[in-house]
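Undergrad: On the provided structure of chain A, position chain B as indicated by the hints.
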Amino acid sequence: MGSHEAEPKNRLRFIALLLSAIVGIVGFRLVEFQVVNADDINEISYAKREVQRTIESERGSILDANGEVLARTIYRYDINAAPNRVGPVFRNVEGVSIELSVGDIAQELAQILDMDVNEVFQALSGDSNYANLKKRVSAGVFQQIEALNIPWIYEDEISYRLYPSGAVAGNVVGFVDVDGYPLAGLERQYNTCLAGVDGQETFERSAQGMKIPSSAQLIKPPVEGGDLNLTIDSDLQYFSQQVLADVVTDQNAEYAVAVVVEAETGKLLVAAEAPSVDPNDPSLTPSQHRQSKIFQNAYEPGSTMKSITTAISLDVGDSNAYTQIVAEDTMRLPWGDTIDDSFNHDPRNLTPAGVLMISSNVGITKLAGDIDRSTRYDYLLDFGFGEQSAVNFEGESSGLLRPASQWDGMTNLTTLFGQGLAVTPIQMAYAYQAIANDGLRLDPVLVESCTRNGEPTMVPNQQSYRVLQADTARLTVDMMEKVVELGGVGSTAQIPGYRVAGKTGTAQIQSDDGSGYGDKFAISFFGMAPAEDPKYVVAVMVYKPEGAINSSGATPPFKSIMSQVLRHYRVPPSTTPSANIPTEWE
Amino acid sequence: MNKQQARALRPKTLVILMPILGISLVLALQLMLSNALASGAHQLVDLKNQSEQLNTDVQILSEEVDSLSSQQNLAEAAQQLGMVSNANPVFLNLETDRVYGQPKPAISEENLRVSGNLISNTAMTTVTDLASLVQNPTVGVATVEISGGEVILSSAMIPASPTR
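In order, the protein sequences belong to chains A and B. Numbers in our numbering are just positions in the first sequence, counted from 1, shifted up by 5. Numbers in our numbering are just positions in the second sequence, counted from 1, shifted up by 362.
Hints were generated in silico from the structure; no laboratory data involved. All values reported here derive from a predicted model rather than from experimental measurement. One should not assume that every hint holds.
Straight-line C-alpha distance at most 27 angstroms; calculated BS3-like pairs for lysine-lysine [as the list claims (entries may be wrong)]: (1) A:K225 x B:K410; (2) B:K410 x A:K53; (3) B:K410 x A:K140; (4) A:K225 x A:K53; (5) B:K365 x A:K14; (6) B:K374 x A:K14; (7) A:K139 x B:K410; (8) A:K525 x A:K549.
Okay, chain A solo, but in the shape it has when bound:
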């Protein structure tokens, strides 16, 4: 009896022992996994699930003076397929599931992607898991492809630079390559402002490769690029480019440029060129026209330099409004060379205003030829010639101004009327800005600021330079007004209702073989309005127009652009007559 009673108890004890042992082992392993080796196991597991991803930062926008977008970042899409998974697709059409063959789908894809159906078929064949069908399609096309809901088609989102205004200010704005790398213009020069800093995140992936919701961890937040705010007015810029495009076509010129400057602030409102480049597709434009000639091309300015020379002569006290000059049409120099006017005429009794009005080379030589060359050289430096402008544009030319010590006798005189030195259109425009702004030259401003999250991170450090006394500058403007009021070609720059001052330029161009001046010219007109208190400077230069013998091809575009500028900025018409200064003497 006793052994019968002991049997269940033993069994119970055995089971309890066994259970305890099992629980003990499980508990031990549990502690080992959860406590002792927990960190290592977690690390191995996380490494298998974890995926790192770069969060692309968005490149900033380029905006004009009114906040209009000239460049911004959008997205384009690469449409890809996994050929090793290509097969029929079931689609629900009005509640009925229908099977679409690969052929049907290829037809649909070809139609949406604007491709040949055989091309699509070729891309879908094979056993790889990647084949690109089309690169950089628009969001609209992407949406249509997504709506097809094909499991073996997938899309990659790619950052893309859009220039909504096309070639408007394209030569200044510049462009980027297909990978978003800046290649030219402000895109390249201000890359540190525009480019952001990519961020990084990690997330966990399931065994099926799907992202586990809420598992994302931001390791490094992206820093978005800044916005570049320009002084360019895109509407005026467009208008000016239109005018120049017409000029280049009509005159069969190599190119034409126009600059509009706000005289009192030094802001560059227009930097127009023709031909111009559309940054959306620079390859459509020949490479020599993809840059900005306003900053990068130096040329011998010719007679537009006479205003500068006259101003210097007045400023050093060598002449005044009544200085008497007898200007023949030719002048023999002691060493045998001659200086000639561009047209034959009897000797004329001219004042400095008269010299400008008929653009006499002999007259300007007699007016300012005696000024000490180093003094004049210093003035030219003060006017901004011979060095890059403060814009410091990519590849900007400093022009060509040799030190006065290197000038020979002829160069000393030819520089008076714009030969023997080379300037960029921007340099000459700001020399005129100095005259328009009471003798105070301002650094050109093209970029107003770089802003990040609305806060400016960069503003230009604009400097001013006293080049002329205010009275001298005023008198120079009065004299230039006579060019437009009474001059021959200059009078075609008149704008009804406004007083306009300016100077023509018909500069000879060196022949390509270096044998001297050829038969082509760079014609220009640099002017300002309203002359009684100049607000805007407009400069137009047409390079190598066909058949031109004077600057009559440059005044109409000047007039067009200046009229538009005055109207655009609501400048009230002039109400006073021009200054009472003589152009000739008895």
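TA: Frame of chain A; chain B shown alone:
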């Protein structure tokens, strides 16, 4: 062992049921939680898809707006509607009633004022649909009844435009 002793040794029903009920409760809660999580995840994915869809819509529309508001499209549309820019604007000085400039017909050949677009823009993928504007000229234009008569300026010479 008698029956009473055997009954005493038998585990009580409540003791057996408690763990089972407990486990069932935990499993049920887990199931509910799992369902809620799955449903939340689906909702999250749906909302994310919706957000991406809306972002794409915004991009498509903003590109259309860019294209339509580009200077090139406006110039083309203006030209096709018969507009010609005038190089000879006339300015009126309301203070003195003086007229500046000589009014002339707007002829582009005379003053290099080009109305047709000459500036390329490959981003201009959408252009103004002039046909619909011509068929329905009031599309997008709100008309307002102007009350009151002619507005006379203080100088009493030039009647002001009723445009508000």
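Undergrad: Going through the numbered hints above, which ones does this structure break? Give me the numbers in ascending order.
TA: none
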